[in-house]
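Q: Taken in sequence, the protein lines are chains C and P. Each residue of the first sequence is one higher than the last, beginning at 148 in our numbering. Each residue of the second sequence is one higher than the last, beginning at 148 in our numbering.
It should be emphasised that the hints constitute simulated quantities derived from the structure, not laboratory data. Be careful, since some hints might not be right.
Each pair may be met inside one copy or between any two copies, as identical chains are not told apart.
[What the hints assert, rightly or not] Calculated cross-link-like contacts (lysine-lysine; reagent style DSS-like; alpha-carbon spacing at most 25 Å):
1. Lys279 <-> Lys412
2. Lys269 <-> Lys256
3. Lys378 <-> Lys453
4. Lys453 <-> Lys256
5. Lys178 <-> Lys269
6. Lys378 <-> Lys178
7. Lys269 <-> Lys183
If you're wondering where the values come from, they're calculated on a predicted model, not measured in any experiment.
Chain residues, written in single-letter form:
2 protein chains.
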Amino acid sequence: MTEHPRTMRWNGNPDGWLTMIDQTLLPVQFKEIECKTVEDVWEAIKMLRVRGAPAIGCAAAYGVIVGLQTLESNADRDAFNYRLNEVTGYLAESRPTAVNLFWALDRIKRVAQENAELSPVKMHQRLLDEAKAIEIEDREMCAAIGRHGATLIDPGTGILTHCNAGGLATAGDGTALAIMFAASADGKEIHVYADETRPLLQGARLTTWELQQRGVPVTLICDSMAGQVMKEKRVQAVITGADRIAANGDACNKIGTYSVAVLAKAHGIPFYVAAPSTTFDLSLESGDLIPIEERLPEEITAGMGKQTAPENTEVYNPAFDVAPAELIEAIITEKGIISPVTTENVRSMIEE
Amino acid sequence: MTEHPRTMRWNGNPDGWLTMIDQTLLPVQFKEIECKTVEDVWEAIKMLRVRGAPAIGCAAAYGVIVGLQTLESNADRDAFNYRLNEVTGYLAESRPTAVNLFWALDRIKRVAQENAELSPVKMHQRLLDEAKAIEIEDREMCAAIGRHGATLIDPGTGILTHCNAGGLATAGDGTALAIMFAASADGKEIHVYADETRPLLQGARLTTWELQQRGVPVTLICDSMAGQVMKEKRVQAVITGADRIAANGDACNKIGTYSVAVLAKAHGIPFYVAAPSTTFDLSLESGDLIPIEERLPEEITAGMGKQTAPENTEVYNPAFDVAPAELIEAIITEKGIISPVTTENVRSMIEE
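So that you can see chain C by itself, here it is in the shape it has in the complex:
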């Protein structure tokens, strides 16, 4: 397996440290940061040096481990528990809207409660094992999505993707990109077309970088070129990630995904969604119930530090849209492939 930069990695025993890619410097500079204090991890999450729900969860879990290093070697259980609460409470405030952050911190705290009989030294090791388990589970989830998805990809396929559903948002290979990495590792010689993904350019900044690092051929295009690329038969499949999927399979993802799904349908190209089973919200009957966040106009009018529209221009800036299930050929999860995308098939795959 080729060596490639990992979003994060733990170094050493419970007295070790966390190394992470500083994603704020990409794509101009590749630099890793060494987080040796809980403040370092807090700052990295806060400043988006690490981003993406699964990646934030893993980073926070490791943040607890470095946070516990400040305990005296002869600290008793009370001191340990006091510090554990302090550290988890502190980390929880780094990004107060990140669900995976709380999930990971709660999991670490629960393990501590369930193993209350352990000495502080043994507990520190036990919690590191749990943080590593969180990371490994995330990596296995990505790998499973990649493995399932790669079965859908023929050799020589051109694949269009939108936004970044890559490894940088996870501890592993990502979701949509995991499929491309797996297909590429299988020797299928794919070629990826990456939408730049306005307004925040995750495709240009992150997707192209990740694919280049892994040696997967990638061509960057503007979002407006997706139709032309399909018309010219440069791509035979579209794969994107998803932020939230309703019970009927309607998939909410970065703005522009809906347009890409419609264009794919018009060109007879299969549109695939790759996402872990945790992305499904079965309480929502359909995608119509998913609220669409509107973001600041400046992302569009001054997105790259330069004013590109007149002062006070009225802007509509929805952050997400919903690709309806009927446009989705298959949803690829770590549990398997959902196809055709129906409420029944979603439930039987996700609820089991």
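Chain P: place on chain C using the hints.
A: Chain P alone, transformed into the frame defined by chain C:
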């Protein structure tokens, strides 16, 4: 009629000067430049202070007039003709690929030849009249497109447009935007959604500015949001310009137009093209024969002065695409409306 900035205007008699909007400063700053020498006009064309085929033609014609002002008051016909050749030759080199530039300069020279009996002073006046005629014809062409197109627009219509088919590229109201100005002047209370139009952002920079100047409500979106805006029923019509139209009605226009046309079809929204009859190239049977220019990767990877993709990223940057006739509800020319868009209907409108 409301006062609004004009792309260009001539001031005074043959000893006057040409005022033009410096389009390189838009949308951040509105500033007019006063061209009092042929060098001023040459520089304005060269540096894209004035751009768009019809606008360049008009500017060049007026450039001849200021160029002739350097003649002594007692100059004879030979001196006049010598200077006329000098000035037209000089202006022709300002943008060597601009067809309208040569067309306008040739027209001025032909008028001089046809009126060889005039004294230099009278000839100077005659050529100014011709430059004004070129401008007036352009303004009338825009007005006629606006008038015809407005008949297709119902009150309260939301209209999506892509790129800038506006007045800034002409001496008048433009093509697609002329229809919006005309509909608005008719009191139809339209609302325009302008695609920002990556990579060069003509929609964000120019279309929003023009509509704001004329008091037409406009909302700026990213190109990737067009599908969502259609899905939300915010628009009931799409109107774009065209750079070249084949005999069967296939219309070549700024990259992204094809995607918008496909999306409009999928949503049951009429897609209109507005263009003067001079845009048609009846020697081309279909749009497949229109060559698509590829432009520099830096437009995408460093479009707004900031590096947004890794070094040496492979880029595909087609400048144009072709909306096939079957996706076009109607083509609106100064001569009238072509609908349905068929080879027969194109020929009978354009050749007559």
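Q: All hints, please: hold or fail.
A: Checked hints:
1. When the C-alpha separation of Lys279 and Lys412 is checked against a cutoff of 25 Å, the pair qualifies neither within a copy, at 41 Å, nor between copies, at 51 Å.
2. In this assembly of identical chains, the alpha carbons of Lys269 and Lys256 lie at most 25 Å apart only when taken from the same copy (15 Å versus 94 Å across copies).
3. For a Cα distance limit of 25 Å, the shortest separation of Lys378 from Lys453 qualifies neither inside one copy, at 33 Å, nor across copies, at 30 Å.
4. In the homo-oligomer, the alpha carbons of Lys453 and Lys256 never lie at most 25 Å apart, since the shortest distance is 45 Å inside one protomer and 43 Å across protomers.
5. Taking the shortest alpha-carbon separations for Lys178 and Lys269, neither the intra-copy value of 33 Å nor the inter-copy value of 72 Å comes in at or below 25 Å.
6. Proximity of Lys378 and Lys178 under a CA criterion of 25 Å is satisfied in neither setting, with 39 Å inside one chain copy and 42 Å between copies.
7. In this homomeric assembly, Lys269 and Lys183 come within 25 Å of each other (Cα to Cα) only inside a single copy, at 20 Å, whereas the closest approach across copies is 86 Å.
In summary, the structure is inconsistent with hints 1, 3, 4, 5, 6 from the numbered list given earlier, while agreeing with the others.
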